[in-house]
Amino acid sequence: MTAIVEAHALGKRFGARWALADCTLNIPPGHVVGLVGPNGAGKSTLLKLACGLLTPTSGSITVLGGRPGSGREQIAKVGYLAQDAPVEPALSIADHLRLGAHLNPRWDKALASARIASLGLDPKQKAGKLSGGQRAQLALTMATSKHPQVLILDEPVASLDPLARRDFLKLLMDTVAEHGTSVILSSHLISDLERVCDYLVVLAAAQVRLVGEVEELTAVHRWITCTRRDADTLPAGVEVVSAKHTDRQSTFMVRSDTPMPPGDWVSEPVGLEDLVLTYMERGPASAGPLAPRNVESAR
Amino acid sequence: MIWLTWRQFRFQATVTLTILAAATIYVMTTGLRMHHAYAADIAACPHPEIGCRFFLSFQGSYNAEQRLLEMLVFAAPALIGIFWGAPLIAAELERGSHRMLWNQSVTPTRWLAVKLAILALAALLTAAVLSLLLTWWASPLDQRSNDRFAAMTFGTRGVTPLGYAAFAFALGTVLGLLIRRTLPAMAVTLAVFIALQIVFAAVLRPNLLPSTAATMPINATTMSQVQGIGTGPDPSGPVQIFRPGKADAWILSATNLENSSGHEISGNQVSTCLNNQSLDLTGIGDCLAPYNLHIDYTYQPADNYWPLQWLETGFYLALAALLGGACFWRIRRHRD
Amino acid sequence: MIEFRLDPRSGVAAYLQIVQQVRQALLLGMLAEGDRLPTVKQVVGMVAINPNTVLKAYRELEMAGLVVAKPGAGTFVTKTLTQSSITEHEPLRRELEAWLAKARAAGLTEAELDALIRATVRDTADEEK
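Protein chains in written order, with the working numbering: chain A, 1 to 299; chain B, 1 to 336; chain C, 1 to 129.
Wrong hints could be hidden among the right ones.
Simulated pairs of lysine-lysine, BS3-like, Cα-Cα distance not exceeding 25 Å [to be verified]:
#1 K56/C <-> K70/C
#2 K129/A <-> K170/A
#3 K79/C <-> K41/C
#4 K170/A <-> K56/C
#5 K109/A <-> K41/C
#6 K109/A <-> K77/A
#7 K170/A <-> K77/A
#8 K77/A <-> K41/C
#9 K124/A <-> K109/A
#10 K170/A <-> K41/C
#11 K129/A <-> K109/A
#12 K56/C <-> K79/C
Hints in this document: simulated from the structure, not taken from any laboratory.
All chains, full assembly: derive it from the sequences and hints.
See below:
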């Protein structure tokens with residue numbers, strides 16, 4: 001199956017600064033992928049590289065097997081929602097749909113009008129007068145009505161109130177349920193994405209820190225709490241991701257493919273938020289290995 | 001995409017058409033009246049080639065309208081550059097809607113090409129209409145005023161406004177693409193356009209074609225063709241000739257009155273001739289002839305008017321094409 | 001039709017919460033044999049979650065024998081978990097009561113009992129994985 005995104009040592013430099021460095025990914029289709037990282041980590045850069053708005057400085061990237069932005073067919077396969085959901089302010093909603101029908105090789109008129117109607121939007125309303133949530137919904141409709149194979153969304157819910165956020169995610173998941181579209185959406189808050197993502201890419205300081213299916217990641221990571229001890233006294237085959245010590249107590253986050261043997265410690269599951277934060281903090285200066293952790297299920 | 005460009009451009013188009021309509025009405029009404037009056041006055045003038053007495057007052061009575069129309073045609077290219085060119089791309093980039101459009105299966109190149117083509121065409125048409133209107137309107141005045149090469153006149157008649165409009169538009173567009181913010185792009189466009197206009201008119205235009213050098217000896221015959229002679233406010237200063245040579249040529253430079261050894265003479269030395277009220281220009285020439293005076297001057301002959309117009313327009317159009325090409329080059333390398 | 005809720009803070013995986021809520025509905029008699037579970041689209045419309053999560057939950061329920069998926073028609077309840085099925089596990093219940101008596105005699109408080117039971121359930125679940 002063609003990967004949604006395949007990147008090899010992908011890098012992008014702006015002037016002297018590397019916004020993204022040495023990024024290698026192979027994201028399988030059929031997932032809702034969460035791209036998480038602090039502001040400035042390189043999320044927008046990666047997404048723009050994926051839809052052809054930027055060209056790589058080094059390395060390569062293919063999306064659905066094709067070079068991003070290379071011609072109408074490639075653009076038709078990828079639906080993109082830029083940050084802050086830009087629309088054409090001078091055009092009405094109906095005009096937007098007309099534009100979409102006119103420009104795209106595949107356009108589902110019925111789906112688009114049904115979506116707009118179900119959202120309770122007035123087609124004659126000028127797009128410039130819509131609220132943030134409504135704009136996001138319109139932009140999502142524009143992106144999905146051309147039946148893309150993958151949707152790429154750059155911080156789609158960052159500036160939405162909780163209600164608008166919920167409605168947006170519902171619409172998005174409805175699209176996934178209906179058409180099996182793969183989705184990549186980014187956010188700097190994992191809590192935005194927890195409900196909907198089943199695949200995770202963690203970015204920090206221009207580098208990929210963690211990649212894998214959410215289920216497997218949460219299965220192989222555990223919190224180990226015990227009396228104060230060194231990390232190498234833990235059983236072999238257990239990789240220590242982070243370690244914190246007080247004078248009496250040690251807390252480790254470990255990664256282990258096999259269940260932890262019983263011992264004088266308490267083992268607890270790791271929540272997604274803790275997992276993401278730990279891998280984000282674990283910079284190049286830490287003792288941990290530099291290579292991103294890849295957890296691929298056997299296919 | 002064509003439809004979208006039209007929708008985005010609708011406001012500017014409406015304003016421009018309104019202005020053009022108003023200008024046309026104004027030009028037609030005042031112009032027809034002026035042309036009638038001129039025809040009548042010419043009919044009453046016995047020797048048009050020599051000069052007609054009515055002309056100066058005629059010119060004076062239409063001076064205000066002429067200035068007004070010239071201002072309009074002169075400002076039009078700059079306004080096109082600021083209000084059509086700069087926002088064309090900068091406004092779209094500023095609000096980010098290009099990202100949505102480029103994902104609606106329009107490649108950035110096609111997006112740029114359609115926008116540029118449609119608006120460049122509109123800019124040329126607008127400039128052409130304005131130039132046509134003014135050139136027709138001012139034709140009686142231009143025929144007699146021998147002012148064709150003056151900066152305000154040369155740049156507002158004939159084909160030069162088209163070159164300026166195309167250039168200003170392309171300049172605004174490429175600056176909008178590079179600066180990515182509408183207001184700064186507008187400001188820089190205006191500054192660069194004005195600077196180039198000044199430099200071109202002062203330095204390049206006179207040298208587009210090789211100029212002719214000539215020497216005019218001061219005698220009755222030559223003096224009968226000039227427009228005047230005199231010193232500045234200081235009667236002991238150098239003496240100048242106003243409009244030596246052919247009346248309709250473009251004088252680029254002229255020395256003051258010099259004697260046969262090439263030294264400038266002062267007004268005092270010839271005050272008897274200059275201050276004699278009973279002498280007309282021919283008489284003054286007769287009076288000065290014994291002094292063996294001359295001036296050296298360079299000029300472009302009247303025949304070079306249209307070659308110069310085409311050369312200048314060609315230059316501006318070439319510049320416009322270059323800037324347009326730069327836009328496409330830039331958009332291929334730096335999309336976002 | 002049953003309503004689903006999702007609590008991202010509970011520490012329980014999303015699909016498990018769905019499974020638990022279906023079990024609960026069966027227990028309370030809100031779902032009867034032959035009833036159709038909400039479609040994936042309907043669930044996604046109620047709570048904004050990944051459709052795969054819903055599918056996974058329904059698969060779990062199917063493996064537990066509680067529902068059956070009929071392609072093109074939906075997912076239907078095959079067995080209910082009423083109070084009567086709790087009585088099926090009467091022997092286990094009696095063993096549990098005996099153990100509780102022992103534990104209370106040993107002096108464990110309710111909180112300690114709770115912690116011990118939870119930890120043991122978790123640890124043994126880990127081993128079985």
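Hints and how they fare:
Under the criterion of a C-alpha separation no larger than 25 Å, the hint pairing K56/C with K70/C is consistent with the structure, at around 15 Å. Only pairs whose Cα atoms come within 25 Å are accepted, and K129/A paired with K170/A is accepted, the gap being roughly 23 Å. This hinted pair checks out: K79/C and K41/C have alpha carbons roughly 24 Å apart, not beyond 25 Å. For a cut-off of 25 Å, the pair hint linking K170/A to K56/C stands: about 18 Å separates their Cα positions.
Between K109/A and K41/C, the direct Cα distance comes to roughly 21 Å. Compliance with the 25 Å bound is thereby established for this hinted pair. Taken as a hint, the K109/A and K77/A pair is honoured in the structure, with Cα atoms around 17 Å apart against an allowance of 25 Å. Taking the CA atoms of K170/A and K77/A, the gap is about 22 Å. The hint holds against a cut of 25 Å. Straight-line distance between C-alpha atoms of K77/A and K41/C comes to about 23 Å, which keeps the hinted pair within the 25 Å bound.
Between K124/A and K109/A the CA atoms are separated by roughly 16 Å; this keeps the pair inside 25 Å, and the hint holds. Annotation: proposed proximity of K170/A to K41/C holds, straight-line Cα distance about 10 Å (limit 25 Å). Pair hint K129/A plus K109/A holds up; C-alpha atoms about 23 Å apart against a cutoff of 25 Å. At most 25 Å may separate the alpha-carbon atoms for a hinted pair to count; K56/C and K79/C meet this at roughly 19 Å.
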